[in-house]
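Participant: Going down the list, the sequences are from chains C and Y.
The numbers in the numbering used here rise by one with no breaks, and the one at position 281 of the first sequence is 281.
The numbers in the numbering used here rise by one with no breaks, and the one at position 9 of the second sequence is 331.
Derived by calculation from the structure, the hints in this document are not laboratory data.
Only a predicted model underlies this, so the values are computations on that prediction, with no experimental measurement involved.
A portion of the hints provided could be inaccurate.
Computed list of lysine-lysine pairs in BS3-like fashion (alpha-carbon distance at most 27 Å, straight line) [to be verified]:
1) C:238 to Y:396
2) Y:355 to Y:374
3) Y:344 to Y:374
4) Y:396 to Y:374
5) C:139 to Y:396
6) Y:344 to Y:355
7) C:198 to Y:349
8) C:198 to C:139
9) Y:374 to C:198
10) Y:396 to Y:355
11) Y:374 to C:238
12) Y:344 to Y:396
13) Y:344 to C:238
Each chain, letter by letter, is given below.
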Amino acid sequence: MRNRFDQQLDRHALAPLTARGVTTLQVNLGKLCNQACRHCHVDAGPHQTGADVNMGEEVAELVIEALRRGGIATLDLTGGAAELNPHFRRLVQEARDAGVHVMDRCNLSVLFEAGQEDLGAFLAEHRVAVVASLPYYRKDRTDRQRGAGVFDRSIDGLLALNQLGYGNGNGERQLDLVYNPVGAYLPADQHQLEADFKRELRQQFDIVFDHLYCITNMPIARFLEWLQRSGNEAAYMKRLLDAFNPAAVPGVMCRDLISIGPDGTVYDCDFNQMLGLPITGERRHLRDLDWDAVAARPIVTRDHCLGCTAGAGSSCGGVTAG
Amino acid sequence: MSSTPPPADSYYHASHVEGFAKIGEAKPDLAEKFFAWYGAAMGPGALSRREKTLIALAVAHAIQCPYCIDAYTKNALEAGADLDQMTEALHVSAAIRGGASMVHGMQMRDHHDALSM
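Chain C with its partners taken away, still in its complex shape (with noise of 0.2 Å):
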């Protein structure tokens, strides 16, 4: 039987979801992170120290060829917290050098953990765009999802960006933040939103930022455990299914980028990745794979794909449609 999305598509004379090309290069550098955030669809964690998962040299090297080969537009390095990662800064240099734009997916509580007293001023250095998760700009809900103390580390490690020329608005150095609900209820609109957080972080903190990304709760992992013991599960998938927008699938990510697991292996997403399920075809794994096909490649699909084109849709870019 399809799954419900594959339904969706169906319904709507969508179906299949095909790739329209590689322009995005998503790697994921490990589950290593100093949080540990209720949300978390990869399940990262402190105690996630293990060279199983996480990327190994042999890794970094298939992904430093992949970006020298061309094409890639952005490499958007994400985790766990993936300056954790050995080979992060060589990755971001490498990147910089053939001329790609880099993306640092960062919990800004990271940048004052021991040994990276310095990452804020690298990331300057190479222009790296930061795309920071901030569940909301009020302690208290913040603090509920991610950890206690996770919002005052979070606000210094924005004034740190900004005192470092991010978020001015000139692009040289772009300060995005993510924001996702803390709860089992779809995000607002973006734009509100972000003018929101912008009015109430400058007042409050005197820090600012270039834009705001809503993205969805997806229905996996450390999330849909929580929504099974709040018996929120079936309200959630029945909410993302009624507000299945078709005018959300043409931009959802998986068409214009794949995601690269710690071990090499190629995923259509950060999502699909932690579901183990990589891309279609026999070769899989960055070492030896088709980017001819790849490009135009039928996107694996499931129910939680849902998250992705409920609403104003829903990609690591924020909203897909309107």
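Fit chain Y to the supplied structure of chain C, relying on the hints for placement.
Facilitator: Using the frame of chain C, we list chain Y on its own:
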């Protein structure tokens, strides 16, 4: 017609919201007007979606409608409101309810004075 009648010892059922459109099985012309008007009133206009949702949430408490409280709590969150804003809306609702009772005290005083020597 519903095949499973609700238990007789309970008046409210969350499933009633889901099946609300069935109200139009009788007098569909009137239901159609109601739903169109409802949608237009809650739709885009001079007030933001968040403002309309918070008004709806406040009214839901004033009329003590459990269906509306559930629905507009979720809607308020999805409109970007937080618990402080939602609670302020509740206080506004309660203040107006309380104020309405208090201001009727003027009628009490007038009548008191009319009856008293």
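Participant: If a hint holds in the structure, say so; if it doesn't, say that too.
Facilitator: A quick look at each hint next to the structure:
no.: 1; hint: C:238 to Y:396; in the structure: holds, 14 Å
no.: 2; hint: Y:355 to Y:374; in the structure: holds, 20 Å
no.: 3; hint: Y:344 to Y:374; in the structure: holds, 25 Å
no.: 4; hint: Y:396 to Y:374; in the structure: holds, 13 Å
no.: 5; hint: C:139 to Y:396; in the structure: holds, 21 Å
no.: 6; hint: Y:344 to Y:355; in the structure: holds, 14 Å
no.: 7; hint: C:198 to Y:349; in the structure: violated, 49 Å
no.: 8; hint: C:198 to C:139; in the structure: holds, 16 Å
no.: 9; hint: Y:374 to C:198; in the structure: holds, 22 Å
no.: 10; hint: Y:396 to Y:355; in the structure: holds, 25 Å
no.: 11; hint: Y:374 to C:238; in the structure: holds, 24 Å
no.: 12; hint: Y:344 to Y:396; in the structure: holds, 23 Å
no.: 13; hint: Y:344 to C:238; in the structure: holds, 19 Å
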